[in-house]
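Asker: Generate the whole structure from the sequences, applying the supplied hints.
These protein sequences, in sequence, are chains S and G. Everything in the first sequence is counted per my numbering, starting at 679 for the first residue and increasing by one. Everything in the second sequence is counted per my numbering, starting at 74 for the first residue and increasing by one.
Any given hint might turn out to be false.
With the Cβ distance kept under 8 Å, some of the chain G side facing chain S (calculated, not the full set) [unchecked claim]: (1) Glu-130; (2) His-330; (3) Leu-334; (4) Val-450.
Simulated from the structure, these hints should not be mistaken for lab results. Because the structure is a prediction, the values reported are computed rather than measured. By construction, the Cβ of each residue, glycine as well, lies at the ideal position given by its N, Cα and C atoms.
The lines below spell out each chain.
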Amino acid sequence: MTESRGSGAEFDVFARYLGASSGLERGRSYYAASQQSAELAAADRFDRWLVVVARWSPVACALADAYARLTRPYGLLRRKLVLTLAVLESSPGIHSAFDSALAASPARTWLSLVLAGTGWAMRTLTAALLLAPMHLVAAAMPDGDRNV
Amino acid sequence: MSRFLVVGSGASGVHFAQSMLERGEHVEMLDVGFERPGSPLPDASFADLKDRLDEPEAYFLGAHGEGVVYPSPDAKPYGFPPSKAYVFRRPPDLAITERGFSPVVSYARGGLAEAWTGGSYELRDEELAEFPFSGADLRPHYEVIARRIGVTGEDDDLRPYSPMSASYLAPLALDAHSAALRERYERRREAVNATGFHLGRSRVAVLSRDLGARHACGELGRCLWGCPRGSLYAPSLTLAELLTHPHFTYRPGLVVHRVLLDARQRAVGVVAEPVGGGSAVEVRGERVVLAAGALATTRIYLQTFAALGVTDLTLPGLMDNRHVMVPFVNLSRVGKSVQLASYQYHMLAMAIDTGDWRTDVHGQISSLKAASVHPIVHSLPFDLRTSLRVFRRMRAALGVANIWLSDRRREVNLARLQRSSNGDTRMVLEYGDDTSDLPATHRAIATTRRALRQLGCFAPAGMVKVLPRGSSVHYAGTLPMGAEEHEHTCRANGEVRGVPGLHIADGAAFPWLPAKNLTFTLMANAARLAALIE
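Answerer: Rendered as structure tokens:
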């Protein structure tokens, strides 16, 4: 029950990070039911820490994801976020915010792409400054769980 | 006892059976026969399904997310949905040891073509050079199959590479992206052709008008999830027709283990085991026709000889087309809208003329329409939210060229049995030479990227995927047809030399593998065999 509540809260944060604001009830239970997947099992210390950071808020999630894309593209956080996106794009009422095209004039489209790229670069830089020390600490910790 | 015992209900098996039934023969078909689940809400479009199904997440992703394509170094930009899981399900105890080869096998009703994209291309006369029959022998059977299944096509620049001798249906209307590509090609044809690249309409087994009980494509965008209208051809549609025939017997739930031979080594039946376990059964027939798919047929053949004490038999010549995915962005389409409710698969095809028909390259170009977006989004080089934003702006501009290279039989690519310490056997598939065609592969990629650039598209080199051998699912070559009298080869009528009464009707009997989708030719060849076998 606690685990289910925990994964429900996790889903809410991840979904808000990806741009969803409502209609999350069904997705929450599906997300919880999918946590037993072997795809979400293996994780080392730093992978788990990234997930903990990402759970704090959508902003923290954005930074953790930006860092994970650079250093852990196939890691646990990315997998959980991809599951969240897969759920959102299949959810009634809200899927079109994820699976449809955003049509606009060429000028507006290219401007939007430039802004998106700029935002990504700034987030990645910030994430590197904030999370690289944590990464180093995880790598330096002495137990056997240091596959970082 | 039936005159003809057919093993497998795939593209080859059902069309062999249908031709035999049309001749008035009795046919018995043995099959594992995992069944396709029903299609929900047959009138709903891809997007409608998400809003109208009671549990859309379970339909699109499986009960516990098994349809999610998670990030990994080998992840493809698409995944097969849970509704297609039956196609790839394997019975227990049919493990394969793979070395340099990642095979896909099917034990479904209809076989692997239940999950194909419908590409239907005739072989050129020269592409049949190593076959013990000519193009003129095969053409009438392309016509038979085209009339049975319905193939759309158009007489265009691809005709020199994919002949159109059969009766083709008018093609479906092009989607906006494919239309933009073709228009640009027509304006720049001379320059594009100078690179060796030629563009035309895909020849596809999809209906542009009703055919029998099947309906014309309703543009629902559900091709990958299983066409609910029967518009996209699948062999299970033919099997359903066969089941109504009084001379046809279908026995699902059986894994054929080996061919039963008499004292003179003549095929007189098969030994099969129930899928769920139980005692082996013998099923007798006057002639045995293996059409289980090249790999399953090879396994049955090897086990037949193992039962005779020949445990070290090796069948060289395993083939599979090299498969490459070249994703691209059509810059003129960035920021445009997409009609998700449309025919989902490729509408354009391509050929690269290398100057030698043996090495010509064939491909199909798909624009992105209805699809699961998460596999594409997570492959972009940004954080997931940025990737989603970029993806949605560029959605109408995305496409992929799937290209194939030909393959030829080589000694180091082989199939054999391996016996374990407990006496069980398993098939070993070994692709020992996976590098000799890399220079040709890189040339094909370069030509495709150059041509796409001339068509106004950007194809990032870093996103090109050379897929593992086995990915094209065009398997062939272990029991090749040929004119020469060699052991473990077939005659022009598919009969195995030295084993009278045993015929090979699937890709295992192909002596060469052109760079094309094979299924249309498999079906035509099966119909050809049915006309030859007495």
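Asker: Does each hint hold? Answer for all of them.
Answerer: Each hint tested on the structure:
| no. | hint | result |
| --- | --- | --- |
| 1 | Glu-130 | 4 Å, holds |
| 2 | His-330 | 32 Å, violated |
| 3 | Leu-334 | 44 Å, violated |
| 4 | Val-450 | 6 Å, holds |
Violated hints for the displayed structure, listed by number in ascending order: 2, 3.
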